[in-house]
Amino acid sequence: MNRFFSVSTMCLALVVAGNCAINLASAADEYDYDLVHSSVSFKARHLDISWIHGRFNQVEGKFSLDRQAPEKSTFQLTIKADSVDTANAARDEHLRQPDYFDSKQFPTIEFKSTKVKAIEGGYEVTGDFTMHGTTKEVTIQLMGGKEIESRGTKRVGFSTELKLKRSDYNFDKTQIGPIGDEAIVIIDCEGASK
Amino acid sequence: MPDVLLFLKAFLSSASASTIFVLAFAVCRRGKVGSVPESRLSAAVILLSAAIGMFVGCWVLQVPWKWPLVNALDRFRELILPVTVTVELLACWKLIPRPIVWTLRGCVALAIGGVLFYGSAYVTRGAEILIPWQTWLILVITLLSLIGVWLLLYRLAARPAAASIGIALGMSLNTAGLVIMLAGYINGGAAAIPLGGAILATFVVTWIVAGTADMRGLISVAVVALFSLLLIGRFFGNISTTQALVIFLAPLLCYVTVLPAMRCLSPLRIGMIRIVLVSIPLVIVLMLSKLEFDQKMAPLIAGFGNRSDIVLLP
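So the protein lines, in turn, are chains P and H.
Under my numbering, the first residue of the first sequence carries the number 1, and numbering increases by one thereafter.
Under my numbering, the first residue of the second sequence carries the number 1, and numbering increases by one thereafter.
Looking at chain P on its own, in the form it has when it is part of the complex:
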């Protein structure tokens, strides 16, 4: 009988320890990209004297944030290239065509983190950025990360800017002229926990 109890106690202890371990391992909070309170916009030089601004209206993403072990955090963003919006329908139509985003051939622009490091005021995230069928490793400084609870939903926000050259992503070089090669992508995103 005693032996039975000691074995049972040991089993119970093992189960409890296992649960604790699982809880520790999954300490990361999962967030979904909140389209209503986020934006992915961009700007590029026009004739090297002014800026053209635009945004992408359809974006999806999720990120998991592990505050104890930031290196275990992950960030993922998928932008629908077709949703480009520069406040001019004719220009947007032109941008969707194969001379630019080629949105039928390359429907999405994606970012997937591969390495995360905590820095002061946020995270340094390295990941694969895929646009126009070309993937390049980029490092961005995601500033923010403050979490609040609003109406029962945990929310966290980040901001970042990413400079990239269209020519690095296999965009047609003959279409790089008056519109500068370099574009600045500005991401302000809010995540809501499930």
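These aren't lab readings, by the way, just hints derived from the structure by calculation.
Just so you know, these numbers come straight off a predicted model, no measurement behind them.
Don't take each hint at face value.
[Claimed, not checked] In silico BS3-like links for lysine-lysine, alpha-carbon gap of 25 Å or less:
#, chain 1, residue 1, chain 2, residue 2
1, P, Lys80, P, Lys173
2, P, Lys165, P, Lys72
3, P, Lys72, P, Lys154
4, H, Lys296, P, Lys136
5, P, Lys173, H, Lys66
6, H, Lys66, P, Lys165
7, P, Lys80, P, Lys136
8, P, Lys165, P, Lys112
9, P, Lys163, P, Lys112
10, H, Lys9, P, Lys173
11, H, Lys296, P, Lys43
12, P, Lys136, P, Lys117
13, P, Lys173, P, Lys115
14, H, Lys94, H, Lys9
15, P, Lys72, P, Lys43
16, P, Lys112, P, Lys80
17, H, Lys296, P, Lys80
18, P, Lys173, P, Lys117
Position chain H relative to chain P; hints supplied.
Relative to the frame of chain P, chain H by itself:
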């Protein structure tokens, strides 16, 4: 930025290269025309002349040769076109049985839609623009239309003034290029320039120096090129289904000349009638495309002194 001068240079270069090649062959083989082997050789030379013209035109346009082939235009230029030319060159070789030639042509026709749509949002799961049955329906309808037009023009090319069918196809190719460009896909439209130049020149010169030569091989290449470009323009660029259909079906107006009243006309007259008939819908489509271009792009060009500056904006 579309460089009109460069486009003109590419067109003239491709046309000149093809013309020189056809003329050089005609001079070399003078007096030997008529025999069956000579006819097969002529057919091969006609194909090669056009291929050389296309290559020269692309070189002048500084078309980058890409590998891997990332988009539909690359796959058309570096896969579909060379394969079609090769199949038609094989068809000129008497050792290849006809059923094999027709099987190869069938394979080309079957493959075009899939090759052009490969990896795109039309066939990639998760990125659906269309639901799968819609994509299949499009592929089947376009395939049937390609086979129909191809067979009809191939059959008509066995009659007198075959070169005029080729000229009609060359005109359609050039119109397709311009319409695709006016709809905003500049590189897509530019791809038609060397093809249109080479095909037009080859048919015109061949008509002049050897009107009875077998031109069906190049007619096949022209049909495939026209079909592929219009498919790209419609599904990757921004041309409408109506524009694509009118341009693709316009060469079928050549069939008007098989009407009993016209059969007795001379080949030259038949050819001229065909060219005039085909050019009517093409000119109308081109004019409407220009009007649409002016309408859509007007807000973009406002404030710019030069109309060519619209390219300053996407």
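Non-conforming hints, listed in increasing numerical order: Those not satisfied are hints 2, 4, 13, 14, 15, 18.
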